[in-house]
Amino acid sequence: MSPDRIDVSSLLDRYLRDRTVLGRGAKTVERYGDLVRLYLKPQIGSIPLAKLKPGHVNEMVTVLRERGGAKGRPLSPKSVNHAYSFLRGALAWALRQELVARNVAIAVETPRVPRGTAVALSVDEAKMMISAGDETRWGPFIRLALGCGARRGELLALRWADIDLEGRALTIRGSLSQTRAGITEKPTKTDRVRLVALPDIAIEGLQRQAASQASDRHAAEGNFVDSGHVFQGPLGGCINPYSATDTFRKLARKVGISTTKLHAIRHTTGSWLIASGVDPRTAASILGQSSPMITLSVYSHLVKGAQKAAVAHIDERLNMLETELASR
19 MSPDRIDVSS
29 LLDRYLRDRT
39 VLGRGAKTVE
49 RYGDLVRLYL
59 KPQIGSIPLA
69 KLKPGHVNEM
79 VTVLRERGGA
89 KGRPLSPKSV
99 NHAYSFLRGA
109 LAWALRQELV
119 ARNVAIAVET
129 PRVPRGTAVA
139 LSVDEAKMMI
149 SAGDETRWGP
159 FIRLALGCGA
169 RRGELLALRW
179 ADIDLEGRAL
189 TIRGSLSQTR
199 AGITEKPTKT
209 DRVRLVALPD
219 IAIEGLQRQA
229 ASQASDRHAA
239 EGNFVDSGHV
249 FQGPLGGCIN
259 PYSATDTFRK
269 LARKVGISTT
279 KLHAIRHTTG
289 SWLIASGVDP
299 RTAASILGQS
309 SPMITLSVYS
319 HLVKGAQKAA
329 VAHIDERLNM
339 LETELASR
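Under the numbering used here, the residues of the sequence shown are numbered 19 to 346, in order.
Note that these hints are calculated values from the structure, not bench results. Some hints could be false.
Pairs of lysine-lysine, BS3-like flavour, derived with a Cα cap of 25 angstroms [as the list claims (entries may be wrong)]: (1) Lys96 - Lys59; (2) Lys279 - Lys145; (3) Lys145 - Lys45; (4) Lys59 - Lys45; (5) Lys279 - Lys268; (6) Lys145 - Lys268; (7) Lys272 - Lys145; (8) Lys45 - Lys71; (9) Lys207 - Lys96; (10) Lys69 - Lys45; (11) Lys59 - Lys69; (12) Lys96 - Lys45; (13) Lys45 - Lys272; (14) Lys279 - Lys207; (15) Lys204 - Lys279; (16) Lys96 - Lys279; (17) Lys45 - Lys207; (18) Lys59 - Lys71.
Please read these numbers as outputs of a predicted model, since none were measured by experiment.
Put together the whole structure using the sequences plus the hints.
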């Protein structure tokens, strides 16, 4: 590949193939492909790589921010940053291959992405969702999700071989992902296997699911295709992750809670852990986050509340001490 004969489009294609060869997950590669097809190639794909300047990248970012979304609407800062980051990575790769003299994307500023606050359910909302879920076949899923805080794909990838009801624990080994090519199984987000202890609500959810699956198997009259997964369809087989998202959205709208996002269940578990005084390192290990710092950044608003409660305990202790001293 001669730098004098290629354009940015060719570089992006080569870099995308390189990511695939390196074993990036199918969903990740698909997302990269969308960034290339929808945002990068239309804006700068035809520019010769040797002539790409910071001004080209800056103009691309500006156009995407102003009218890069559907029907000419502004593209979100997060999506703009994703497109820019992929381009910057591609140019860094090109620099290592000596296809460019410098990474021109480094000189470009990207829009600031506001840090969002984790949206969690209140205790009453959690009860409402459990009740609504129990009226469907998704009750055990909601109970287990609240009990262990695992990600959607991790829950759907669970197999009965990963469950230790007697030891009240489960092992998370991978995650199901939905792509245009179908459902695939990939490693966890942190590429780590983790053991998670289970509370009563999770144990009850698993027991209910075992009974429900036995009923499905009986009703299928020999047509049940057992994939070994904890959560399967009426005739067996793994479940499309989008089905879990859609079901939660419908149930949330039905009961009228404050959010329709399935990921709120995970944040609910994380919030409960931090608010109850669990240290960030332990919470991170339960949630499968790569670092306690990530846990602190996501749930910092709860940490502040916990600090206030701790300070209140200090005041309480000091007041008791002063009362004892005064009575002597």
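Numbers of the earlier hints that this structure fails to satisfy, in rising order
3, 8, 10 and 13
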